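Sequences are here, hints too, so could you generate the full structure?
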Amino acid sequence: MSNIPWLSILFYLPWGIIFVLLYLIFFHIERIELVVSKIYGYFRFMSKTFEKAAVSKHIRGTILSFTKELNRELKDIAPYDLKIQWVKEENKETFLKENQIILRMYKYDNQAKNVVVALTEYVEKGIMPKAKKYIHKNVSRATDLAITRKILISRFSDSLDYFDEEFLKPLLNDDELKETFFKIKDLDESGMLTQVVLREFIELGKKLYPSVPDENIKKETQEFINYLYEIATKEPGNYTNLCFNKGYIKVAVVLIANQETYNLYGKKPYPRRIKINLDAGIDTVYVIAPLKYRKLLQEVVNEIKRDDRIKGLKEFNYYYMLNRKKIKSICVALYTNTGLDKAS
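Numbering of the sequence shown is given in my numbering, commencing with residue 70 and proceeding in unit increments.
Just so you know, the hints here were simulated from the structure itself, not pulled from any lab data. All figures in this text were calculated on a predicted structure; none of them were measured in a lab. Careful, some of the hints might be misleading.
Below are the EDC-like pairs computed for lysine to aspartate or glutamate, each with C-alpha atoms no more than 16 Å apart in a straight line [unchecked claim]:
1) K287 <-> E245
2) K337 <-> D376
3) K176 <-> E158
4) K194 <-> E167
5) K199 <-> D178
6) K121 <-> D178
7) K194 <-> E162
8) K337 <-> E304
9) K121 <-> E158
10) K206 <-> D243
11) K315 <-> E284
12) K176 <-> E193
13) K219 <-> E193
14) K194 <-> D145
15) K176 <-> D213
16) K201 <-> D213
17) K395 <-> E304
18) K199 <-> D145
19) K182 <-> E158
20) K194 <-> D213
21) K219 <-> E190
Shown next as structure tokens:
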């Protein structure tokens, strides 16, 4: 220890601190915001400026911490930063500037209201920004509401009741929006919202942006939600259609859930069914199997991924209905050339 040149350590220490700060600023700005929020919070009694800074940095840091995780799961779903500016109520506005959503909002005494206002504005402007213009208005709105609730439950639980009572409840007086919202909610509980709905909508935006949307595209997104909802809420033997092959969204589901089929034919029907879907122009095939068929599912995936058309895959948990109970299962998404960017 005595051989360490202490003056040299003191000389290098500031550069080390600068390096750490630069690293945090570029890669973990949300952590800095949350720390600074706490520091301002200790002095909020001294000035309204400190109080406002504590609130805005806490909201920004918390939202960005969630969207950072979401972006790791789904590339480009939340590409924008957030900046909150406090203004008088008559000067409220939200706009995009240099990849940052500028939210000029009035600061309310009710912190739950501040959170809900900021979060709903951010989700509306910042989640799937290139896809939204092509999505049916009720589907887009219901999806925003479901995502907002997910963030509140995960990061702002104290604000959830305010959102449900003061924001969500009045909106659900619209019967069509209400029906769509609860379908989206069921899809979220099944595991399909993030891994299927949002993923497919992001890809839709990549395909179509910046073209002018038409009503056929929007209608197709609504039909897609209905298609997934039927799969998520009905028992396997009651499915009417496992293929959604439309003009823009091309998805199919292959189920490995019938013991009798396996006993008679082994694994052969499943790769064959997947290839039939690929031949028909399907972009993404979702192969679903109960946990007890995990080994069989893996064998099917190992065989089919040798097909040159399969460019990526993703495994996630899925819950399907059986005897009115939700059964945990596994889903492997197989992506083709047009779905290459989906693999994360």
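Each hint tested on the structure:
1. K287 <-> E245: Holds: K287 and E245 sit about 15 Å apart, inside 16 Å.
2. K337 <-> D376: The hint holds at about 15 Å.
3. K176 <-> E158: Between K176 and E158 the Cα gap is close to 8 Å, so the pair holds against 16 Å.
4. K194 <-> E167: holds (14 Å)
5. K199 <-> D178: violated (34 Å)
6. K121 <-> D178: holds (11 Å)
7. K194 <-> E162: Holds, at about 12 Å.
8. K337 <-> E304: violated (23 Å)
9. K121 <-> E158: holds (15 Å)
10. K206 <-> D243: holds (13 Å)
11. K315 <-> E284: holds (14 Å)
12. K176 <-> E193: Violated: K176 and E193 sit about 19 Å apart, past 16 Å.
13. K219 <-> E193: Judged against 16 Å, a Cα distance of about 14 Å means the pair holds.
14. K194 <-> D145: With Cα atoms ~13 Å apart, K194 and D145 stay inside 16 Å; holds.
15. K176 <-> D213: violated (23 Å)
16. K201 <-> D213: holds (10 Å)
17. K395 <-> E304: Within the cut-off at roughly 10 Å; holds.
18. K199 <-> D145: holds (9 Å)
19. K182 <-> E158: Measuring from Cα to Cα gives roughly 14 Å; hence the hint holds.
20. K194 <-> D213: holds (10 Å)
21. K219 <-> E190: At roughly 15 Å apart (the allowed maximum being 16 Å), E190 and K219 satisfy the hint.
Consistency with the previously given hints fails for numbers 5, 8, 12, 15, ordered from lowest to highest.
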